[in-house]
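K.L.:
One-letter residues, chain by chain:
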Amino acid sequence: MVAPLMQTFVQRRVIGIFLLIAAILAVAWGHARLAPVMRHIAYLTGWILLAVCLFLTAYNARKKLPFLPLGNSRTWLQIHAYVGYLSVALFFAHTGWRWPEGWFEGILAALYLAVAASGVFGLLWSRVVPRRLTAQGGEVLYERIPTVRRQLAERAEALALNSVESTQSVAIADFYNHDLAAFFVGPGDLWRHLIDVERPTDRLQNRMDDLNRFLTPDQRVVLAQIAELVRQKDGLDYQHALQLSLRLWLFVHIPLTYSLLIFTALHVVLVFGFSAGVGFH
Amino acid sequence: MDATILKVERPGRWDSPLDPEFSDADLDRLLQLAPFSEMNPESFSRKQPLRAILQNDSRIRRFKRGELIVRAGDYGSSAFMIVSGTVRVVLPPGLPDRVLGRRDSAKKSIFRVIAQLWGNHRNPEVRTPEELGMGNRNLVGEGTEARVFLQDVPRLLDQNKTVTIGSGEFFGEIAALSRMPRTATIFCDTDGTELLEIRWQGLRDLLKFDPALRAHIDVLYRKNTLSNALRSFPLFQHLSEDQLSRVAAQTQFGTFGDYDWSGDYKKLAQSGTNSPEKETLIAQEGDYPDGVVFVRSGFARLTKRFASGQRTLNYLGAGRSFGLKEIAHNWRNPENPRPFQFSLRVIGYTHTLFVPTQVMEEIVLPGAPKHLLPEPLTAPVDDSDAVDPLKDQGGFAERIGPELMEFLTGRRFFNGTATMVINLERCTRCDDCVRACASTHDNNPRFLRHGPVSAGIQVAQACMHCVDPVCMIGCPTGAIHRDAAGGSVVINQATCIGCTSCANNCPYEAIRMVEARDTGGAFVVDAELKPILKATKCDLCLDQYGGPACERACPHDALTRMNLTRLDHLAEWLHR
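For the protein sequence lines, the chains are H and X, in the order given. Quick note: the first sequence uses my numbering, first residue 1, plus one each step. Quick note: the second sequence uses my numbering, first residue 282, plus one each step.
Isolated chain H (complex conformation) (with noise of 0.2 Å):
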């Protein structure tokens, strides 16, 4: 039997855009003609900006049951995105194109700005990262990173201490001392792993370079060793630093979306509250 024809990501993503603009032009199209004879087009923005940010949130809880009917995940996500991406232009259909005055409907502004961006860093974050995690290789499950760090360190101070005894030098001791110990210990460095503009380790790698010319071959031989698990943990490291933030831009998105949840619906007692209406009405 010959299986369905696959939907390719170009035609997905072709498709996704085309219906993209076609909701961006019906929203304008639609903002352009009621406006002039709409007294309060606000209230009816503001409403369809909620079902669809409620709709928007509706993907977590689809995550949360997963034995349910509901729907593939990736189909969620895909209709998430475009419809995250039609939201910014309810958003500023919704403001008039302008900031909102006064600090309430600021922070308001300012959350759903965040969750937004969040969000398209997110899903850019998401196609980069894995493709860089993958060309590295070598990986280890994000639960299993912390063991495989400890075993690390724990070869590699083996190796400075026997080396003592072995060499009768404290040289190499010393040196595990004073330059790897903390490295062999901790996470290492985020930021350059995520930027990889250059590696934690260059700077340890001309130490190890530089004491090199003052070893016997004895010695060398140690180092090398301990050279090789120093290459292990930066390639432990940069596991950890991008598996960590493709795991902490949810823990931003995720909390911002309850916050701007939490806000607009202030916002809806307060704009009925005092119908009078200060900001954007």
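Just so you know, the hints here were simulated from the structure itself, not pulled from any lab data. Just so you know, not all the hints are guaranteed correct.
Think about it this way: if two alpha-carbon atoms lie no more than 27 Å apart in a straight line, the pair counts; the simulated DSS-like pairs of lysine-lysine are [unchecked claim]:
no.: 1; chain 1: H; residue 1: K64; chain 2: X; residue 2: K388
no.: 2; chain 1: X; residue 1: K504; chain 2: X; residue 2: K489
no.: 3; chain 1: X; residue 1: K504; chain 2: X; residue 2: K442
no.: 4; chain 1: H; residue 1: K63; chain 2: X; residue 2: K811
no.: 5; chain 1: X; residue 1: K489; chain 2: H; residue 2: K63
no.: 6; chain 1: H; residue 1: K64; chain 2: X; residue 2: K389
Which bits of chain X does chain H cover? Going by a derived footprint, with three or more residues having C-beta under 8 Å, they are [unchecked claim]:
no.: 7; stretch: 493-502
no.: 8; stretch: 602-613
Since the model is a prediction, treat every value here as computed from it, not as a measurement. For glycine and all other residues, C-beta sits at the position ideal for the given N, C-alpha and C.
Starting from the structure of chain H, add chain X where the hints point.
P.N.:
Using the frame of chain H, we list chain X on its own:
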């Protein structure tokens, strides 16, 4: 490093007898019975004498009335001969799954699905009394010696058609030799029935040295199985009964490789010394095409000479053929004959049907529908080294790439019909798949998002629901079985006795043994305070709605459950 070399005795053919207590008296008695009494011991080799084969590879088992001997759909590595007494063969449609100790394949009610919101246990691996098999009156004994009895046999006999067979009859030999599922359920009819169980290695050696038994099995195979097997290939479906009989009469069947490939595979995978050059050849590139090889079960590797080695182009599973292109070409272009363009090698274990060229040319090809006949060959064979062979095979191998191709073949992932494949360039390691799996399995994830990687593709440690499910071989209670509805491999927790046979057999380490707890969270133990073990694995969320939760939970379209027995779907998925 400690340089001490561990010296052990080299493992030998006779190291692991099926029944270590098989006595000489039993053996003498057996040799008095047909067909063994009619065998000529002189025709056996000195290294593999008749007595040694029987003593090592067989045992006498005694059954009670109503005791299950084999179940339809199970995989088995043994054949049986009735020494005394009678057994009953259940004719189609056979006994219901529940009677055979299998689990119901029904989906959960929508209320029970929703109840998973609050009803999942906090403790891991909690089993209800039913899942613990409490009150299971069908089960007697323990471990791999556990026995299952049918309840209310008179009623079953009233409701099902059966055939009685008696002393001297063989059964289960085709399933054992061809690694096909058993076609019927057979249970003991009279108390004290004695059966000789012969494992496949012994049966193979008996067939090798005894022409009479070989002829007998050959007749049975041709009578019971071959016509249907041939009919399952489209190329034979247009033939009349008479033509098919003529084809069947000249068809040879072959078994290649090692039935216990899963054990060898684990060693190979660990040592990393898996190369096509070492695999048994079924047909060689450049040889005269003397017939078409049809793969009946197992897998074979299609390779082509490339530089100084062999490059894998494809793997052929059940239903695929080799050599048809060349034979069809030569039949249409007798002035420009071509030898085999590729080689065919055994991967693990392969059962084949071989139809000679003459039969193909005289009976099969003349009336074959045109769309089933391959296009004439164009590239001259001498250019094979100059042309990248990956460009052949419908472009799939080329699209998949040599690295991934060797990876899938070398690690035998082609065995999976629902393999968990993860595109690591899209996977954000969010573990939504793992959480979804846990949520749908009472908070117990049934796979590890971990596994070998090649070309950015990871095959996770999840049950692949294999075409050749070696895990099912040896399950004493039939707890691990194919689901009647979709053919997925599932485990009935109520009849699983924790013998670990399936987990040990699985070459992909996709089955895990867990210690069961009761609903209060306490470990369940037996009378000797040993924990009760249960085998667990992915069940493809058969009782849920919407398909596997892992696949549905992946937000980035990175994870799929894929049938890797064919390459077209994978090639398409990789190039979305």
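K.L.:
Could you run down the list of hints and mark each one as holding or not?
P.N.:
Taking the hints in turn, this is what the structure says about them:
no., hint, in the structure
1, H:K64 x X:K388, "21 Å, holds"
2, X:K504 x X:K489, "20 Å, holds"
3, X:K504 x X:K442, "21 Å, holds"
4, H:K63 x X:K811, "39 Å, violated"
5, X:K489 x H:K63, "59 Å, violated"
6, H:K64 x X:K389, "19 Å, holds"
7, 493-502, "violated (count 0)"
8, 602-613, "violated (count 0)"
Of the numbered hints stated above, those contradicted by the structure are hints 4, 5, 7 and 8, listed in ascending order.
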